[in-house]
Structure formats: C-alpha cells, structure tokens
Amino acid sequence: MLTIRKTKKRDIGELSKIYKRVYDRPKDGGDWSIKRAKDLLNFYFTLKTFIGLTAVIDGKIVGALFSFVKPWHDGNRLGEGELFVDPEYQNQRIGTKLFLKINEIGEKKGCKIHEMLVYGRVERWYKKLGVKESGLKHMEGNIKEIIRRINLYGK
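Every letter in the sequence shown is one number past the one before it in the working numbering, and letter 10, counting from 1, is 10.
Read the hints as simulated data drawn from the structure, not as lab findings.
Possibly wrong hints are sitting among the right ones.
Straight-line alpha carbon distances no greater than 25 Å define the calculated BS3-like cross-link-like pairs of lysine-lysine that follow [claimed, not checked]:
hint, residue 1, residue 2
1, Lys132, Lys70
2, Lys109, Lys60
3, Lys48, Lys127
4, Lys60, Lys20
5, Lys112, Lys60
6, Lys144, Lys60
7, Lys60, Lys70
8, Lys127, Lys9
9, Lys97, Lys60
10, Lys127, Lys97
11, Lys132, Lys17
12, Lys97, Lys8
13, Lys127, Lys101
14, Lys97, Lys9
15, Lys38, Lys17
16, Lys70, Lys101
Simulated restraints, written as ranges between beta carbons of each label pair [as the list claims (entries may be wrong)]:
hint, residue 1, residue 2, range
17, Tyr89, Leu152, 32 to 40 Å
18, Leu152, Glu115, 21 to 29 Å
19, Glu133, Leu100, 17 to 25 Å
20, Leu100, Ile147, 19 to 27 Å
21, His73, Ile150, 26 to 34 Å
22, Gly135, Gly110, 37 to 45 Å
23, Asp58, Lys101, 14 to 22 Å
24, Lys9, Gly110, 42 to 50 Å
25, Lys127, Ile147, 17 to 25 Å
26, Lys9, Glu80, 42 to 50 Å
27, Tyr119, Gly59, 19 to 27 Å
28, Leu129, Asn42, 26 to 34 Å
29, Arg10, Arg149, 18 to 26 Å
30, Tyr153, Gly110, 27 to 35 Å
None of these values were measured; they are calculated from a predicted model.
Positions of the beta carbon are idealized from the N, C-alpha and C atoms, including for glycine.
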C-alpha cells in the first residue's frame, strides 16, 4: 500500500539512489552520480521553505517530490522542484499522487501558482494536468563563456 509522508533527512541516501536511476541518462537530465544527487536533494532539504514528500510502499522508499514556497509579486508560489519515482514503480500513479499532495500543501500555504521546469517525456503529462507554458524561458549559460563575452564585448 502506498503511503505519502513528509521527507526525513535520513531518506536522502535512498532517494539519491532512486534519483540517479531516474535521471542518469543524457536525454533526461545528465550524467548523475549518487553523490551529486545527494548534494542536490540536500540543497532542497536545507531550504527554509522546503516541502518534501516521500512515497513509500510496504516500507520501501519508491520516490519523492521536493519543492519550496517562494514569495512572488502576486503572492506565494510553489517553486520548481524535483519529482522522481523509481522506474520499477512508475506508471502506478505515484507521481500523480505526489503532485496532487504537494499542490494541496501549497494551496494551504497560500500558493496559487506552481512553477516548474519541464522537458522531454514528461511534458505531455504535465500539460494533461493543466500546466501551461508561462512565457518565461529557462535559460542557462556556461559561466566561463559568459565571463569571456562580457570581457570581450561588455566593456
């Protein structure tokens, strides 16, 4: 039976292994080590407004959803986070149940919007749940290249 509970610090080790299994593919997020996954999950865990939910089936941790509340000009928002379910347990609505629960918690905390970064194979799933493109774009840049260009063109 599925239980969704608040994430505990001691869950991070097992969740890091699951995170690596889910996202350790170049098309799904990169080349993840357990250490880097643990660093990321600990980063979320230490945020002042962290909300973490862990999915457990028969005593076994099978996934999680990490998010946080952030202030914005129109009120509180759930910030982009991490949703991941062990591949052996996917397609059982565990991710959907985690997503529902985190949004219910966010609503109780005064959030009206849930922001997220979405890509590839899960984009259709989010759209089916009512998530839309906001007009904002996620961008990233290589820091060395940014510094080089500022020094070259920005003076």
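Going down the list of hints, with the structure as the test:
no. : hint                          : result
1   : Lys132 <-> Lys70              : 19 Å, holds
2   : Lys109 <-> Lys60              : 29 Å, violated
3   : Lys48 <-> Lys127              : 29 Å, violated
4   : Lys60 <-> Lys20               : 17 Å, holds
5   : Lys112 <-> Lys60              : 32 Å, violated
6   : Lys144 <-> Lys60              : 43 Å, violated
7   : Lys60 <-> Lys70               : 31 Å, violated
8   : Lys127 <-> Lys9               : 32 Å, violated
9   : Lys97 <-> Lys60               : 17 Å, holds
10  : Lys127 <-> Lys97              : 16 Å, holds
11  : Lys132 <-> Lys17              : 30 Å, violated
12  : Lys97 <-> Lys8                : 19 Å, holds
13  : Lys127 <-> Lys101             : 18 Å, holds
14  : Lys97 <-> Lys9                : 21 Å, holds
15  : Lys38 <-> Lys17               : 8 Å, holds
16  : Lys70 <-> Lys101              : 18 Å, holds
17  : Tyr89 <-> Leu152: 32 to 40 Å  : 50 Å, violated
18  : Leu152 <-> Glu115: 21 to 29 Å : 34 Å, violated
19  : Glu133 <-> Leu100: 17 to 25 Å : 21 Å, holds
20  : Leu100 <-> Ile147: 19 to 27 Å : 43 Å, violated
21  : His73 <-> Ile150: 26 to 34 Å  : 28 Å, holds
22  : Gly135 <-> Gly110: 37 to 45 Å : 23 Å, violated
23  : Asp58 <-> Lys101: 14 to 22 Å  : 19 Å, holds
24  : Lys9 <-> Gly110: 42 to 50 Å   : 26 Å, violated
25  : Lys127 <-> Ile147: 17 to 25 Å : 37 Å, violated
26  : Lys9 <-> Glu80: 42 to 50 Å    : 22 Å, violated
27  : Tyr119 <-> Gly59: 19 to 27 Å  : 32 Å, violated
28  : Leu129 <-> Asn42: 26 to 34 Å  : 28 Å, holds
29  : Arg10 <-> Arg149: 18 to 26 Å  : 44 Å, violated
30  : Tyr153 <-> Gly110: 27 to 35 Å : 43 Å, violated
Going down the numbered hints, you'll see the structure goes against 2, 3, 5, 6, 7, 8, 11, 17, 18, 20, 22, 24, 25, 26, 27, 29, 30, while the others check out.
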